[in-house]
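Engineer: Construct all of the structure, not just a fragment, from the sequences and the given hints.
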Amino acid sequence: MATTQTTQTNPPKALRTAKGKKPQYFSDPAIDKLLSIVISMAGELSVARERLDTVERLLEEKNILTVSEIDHYQPSEEVDAARAQQRAQFIETLLRVIEAEFEEITRPDMPGSREEILKSLT
Amino acid sequence: MSLYPHEMLPERTQDQRARQDFVKSFRAHLAMKIRSGLGAVYKARVKPGFEKEHGREPQELQEVRREMTRDPYYQLWSAMQRKSQEMMYDSVTDSLEPQREHLIERYKDLGEKTEGTLELDPDLEIPKYHTAADIHIMPGGYHTDVVDDDVSAGVLYDAAMDIYAFGFMGPKNDLLARTLINYYQKEYPDHTPTRILDMGCAVGNSTTAWKEEYPEAEVHGIDVGAPVLRYAHGRAGSMGIPIHYKQQNAEETDYPDESFDLVLSHIMFHETSQSALPRILGESYRLLRPGGMMMHLDVPGGSDPFSSFVMEWECQNTNENFANMYRATDMAATAVKMGFEEGKARNEGAPAKSFSPHFKSWPVVVGEK
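Residue numbers (my numbering), protein chains in the order written: chain A, 861 to 982; chain B, 3 to 371.
Treat the hints with caution; some may be incorrect.
[Claimed, not checked] Lysine to aspartate or glutamate pairs mimicking EDC-like chemistry, simulated, CA-CA at most 16 Å apart:
id: 1; chain 1: A; residue 1: Lys893; chain 2: B; residue 2: Glu88
id: 2; chain 1: A; residue 1: Lys879; chain 2: B; residue 2: Asp332
id: 3; chain 1: A; residue 1: Lys873; chain 2: B; residue 2: Glu59
id: 4; chain 1: B; residue 1: Lys248; chain 2: B; residue 2: Glu65
id: 5; chain 1: A; residue 1: Lys882; chain 2: B; residue 2: Glu88
id: 6; chain 1: B; residue 1: Lys188; chain 2: B; residue 2: Glu350
id: 7; chain 1: B; residue 1: Lys26; chain 2: A; residue 2: Glu904
id: 8; chain 1: B; residue 1: Lys346; chain 2: B; residue 2: Asp332
id: 9; chain 1: B; residue 1: Lys130; chain 2: B; residue 2: Glu253
id: 10; chain 1: B; residue 1: Lys49; chain 2: B; residue 2: Asp73
id: 11; chain 1: B; residue 1: Lys362; chain 2: B; residue 2: Glu350
id: 12; chain 1: B; residue 1: Lys346; chain 2: B; residue 2: Glu314
id: 13; chain 1: B; residue 1: Lys49; chain 2: B; residue 2: Glu59
id: 14; chain 1: B; residue 1: Lys115; chain 2: B; residue 2: Glu9
id: 15; chain 1: A; residue 1: Lys873; chain 2: B; residue 2: Asp332
id: 16; chain 1: A; residue 1: Lys882; chain 2: B; residue 2: Glu316
id: 17; chain 1: A; residue 1: Lys873; chain 2: B; residue 2: Asp147
id: 18; chain 1: B; residue 1: Lys248; chain 2: B; residue 2: Glu107
id: 19; chain 1: A; residue 1: Lys881; chain 2: B; residue 2: Glu316
id: 20; chain 1: B; residue 1: Lys49; chain 2: B; residue 2: Glu65
id: 21; chain 1: B; residue 1: Lys248; chain 2: B; residue 2: Glu127
id: 22; chain 1: A; residue 1: Lys879; chain 2: B; residue 2: Asp147
id: 23; chain 1: A; residue 1: Lys873; chain 2: B; residue 2: Asp96
id: 24; chain 1: A; residue 1: Lys873; chain 2: B; residue 2: Asp73
id: 25; chain 1: A; residue 1: Lys873; chain 2: B; residue 2: Asp150
id: 26; chain 1: B; residue 1: Lys54; chain 2: B; residue 2: Glu69
id: 27; chain 1: B; residue 1: Lys45; chain 2: B; residue 2: Glu59
id: 28; chain 1: B; residue 1: Lys26; chain 2: A; residue 2: Glu910
id: 29; chain 1: A; residue 1: Lys879; chain 2: B; residue 2: Asp92
id: 30; chain 1: A; residue 1: Lys881; chain 2: B; residue 2: Glu88
[Unchecked claim] Calculated from the model, a selection of chain B residues having no Cβ within reach of chain A, i.e. all distances over 12 Å:
id: 31; residue: Thr119
id: 32; residue: Glu254
id: 33; residue: Ser277
[As the list claims (entries may be wrong)] What the simulated footprint calls covered on chain B by chain A, stretch by stretch (three residues with Cβ under 8 Å from a Cβ of chain A suffice, anywhere in the stretch; the number is not a length):
id: 34; stretch: 95–108
id: 35; stretch: 139–149
id: 36; stretch: 312–325
Hints were generated in silico from the structure; no laboratory data involved. Beta carbons are placed, not taken as given, at the ideal position from N, Cα and C, and that holds for glycine.
Structural biologist: In structure tokens form, the structure reads like this:
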């Protein structure tokens, strides 16, 4: 049986960057980027909250549960524990950058400088 | 409030809508809350700091700019303002990209059903003031076709404008046309235009408003960007408003002399250039019939060094690069140089509906032939 080979080509991507010179707003360009990331995150949080709101409204519309049931939900001890675990994990992930600095200071086998590492490579 | 649901707008999923709405709310907050603090910051610390150092008030825009751009409050606002504009186009692109082919088909279908027309000129040279940098930091500007028969630039411009002004432009994005129409009807109550040309019409958001107001008139719209014109054609078709769109450079069109009795533009000149500006005024004159008039509405400037600084933000930050040079131009005097009779061209103002204290009217250069 003859087979025809088709090569799939993806449609051209939409443009996402404007031609021009982007200004730098802060003395350290990293701050510009950080701010940008923080605002993007705030945007995504807002998107997630609205999605949850849609879910709640649909559940209520379909008489599955009411928003009041969600507001007055009493977690069992088991659920409480699982959530505490999730929160701790979330906070740890969020603040990883601070922990990394702590490790850098306290870990005994941490190299003191990049030069030190390079020396060990000779 | 959301946009009038014409058929050229992409559908949005729950998350796409929420992402766009976030940018809209974010921009409203930046404009109404944070931006309005700039005046207080200037008075409380920037101006006193300058006075202490120089023994006088700042007298020039450049002096205010130098001091303000070092201020942390301004830096944060400005960086967020820029970011919000990047997010705005990004959030529209999210919904546009998967529907692009579908929207191209739709513009073609709508175009077949309308009495309006579309004439594109693939050989038209796109002026440097469009290709040097993407105006409004809209990726690709008004003129880039990502695929054949693209309408992307139109989608971006129209959908983003509603986010940009957080609904302030109205459901049909026609606030500027309505502003100019109000001005025209108040100042010239006995005029009834029969042939209207809207220069730099982009997606036709102003063009259709004029046709709605004067249904008996023949209304034409020109722009250099093909993708915005295709979109405009589909949009007008969907709204049932017949417009004649043509890809033309307003500096030199192919319409015969004395083709129109009303030649208009809405915030176009500040996106042109030093050489294009007088040429467009000259072309306006050529296209007018005796007794006809031109009205070009554009962005205002400030009335003192500080308000000038606040008003020039888009010039310095989002590629409205020619705006300051436009503001420094005496439009009426230039119109006279380009053919209008002395006394027949005037710099006027159309009252602005605005949330900014620095912004009371839109400059309009009026010329009668």
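Engineer: So if I understand the rule, the pair passes when the alpha-carbon distance is 16 Å or less; does A/Lys882 with B/Glu88 pass?
Structural biologist: holds, 11 Å
Engineer: Between B/Lys188 and B/Glu350, does the CA-CA distance stay at or below 16 Å?
Structural biologist: holds, 13 Å
Engineer: Measure nothing beyond the straight line between the CA atoms of B/Lys45 and B/Glu59; if it is 16 Å or shorter, mark the hint as holding.
Structural biologist: holds, 11 Å
Engineer: With a cut-off of 16 Å on the C-alpha distance, tell me whether A/Lys879 and B/Asp147 pass.
Structural biologist: holds, 15 Å
Engineer: Report holds or violated for chain A covering the stretch 139–149 of chain B, Cβ cut-off 8 Å, minimum 3 residues.
Structural biologist: Holds: 8 residues of the stretch 139–149 of chain B have a Cβ under 8 Å from chain A.
Engineer: Given the proposed pairing of B/Lys248 with B/Glu65, does the C-alpha separation stay at or below 16 Å?
Structural biologist: Violated - the C-alpha atoms of B/Glu65 and B/Lys248 are around 44 Å apart, more than 16 Å.
Engineer: CA of A/Lys881 to CA of B/Glu316, is that 16 Å or under?
Structural biologist: holds, 13 Å
Engineer: Please settle this one: B/Thr119 was flagged as non-interface, so is its CB more than 12 Å from every CB on chain A?
Structural biologist: holds, 28 Å
Engineer: Can the restraint linking A/Lys873 and B/Asp332 be considered satisfied, given a maximum Cα separation of 16 Å?
Structural biologist: violated, 43 Å
Engineer: Next pair to validate is B/Lys26 with A/Glu910; report whether the Cα-Cα distance is within 16 Å.
Structural biologist: holds, 14 Å
Engineer: Assess, step by step, whether the Cα of B/Lys346 is no farther than 16 Å from the Cα of B/Asp332, and give holds or violated.
Structural biologist: Holds, because 14 Å separates the two Cα atoms, which is no more than 16 Å.
Engineer: CA of A/Lys873 to CA of B/Asp150, is that 16 Å or under?
Structural biologist: At roughly 13 Å apart (the allowed maximum being 16 Å), B/Asp150 and A/Lys873 satisfy the hint.
This entry does not satisfy hints 2, 3, 4, 12, 15, 18 and 24, going by the numbered hints stated previously.
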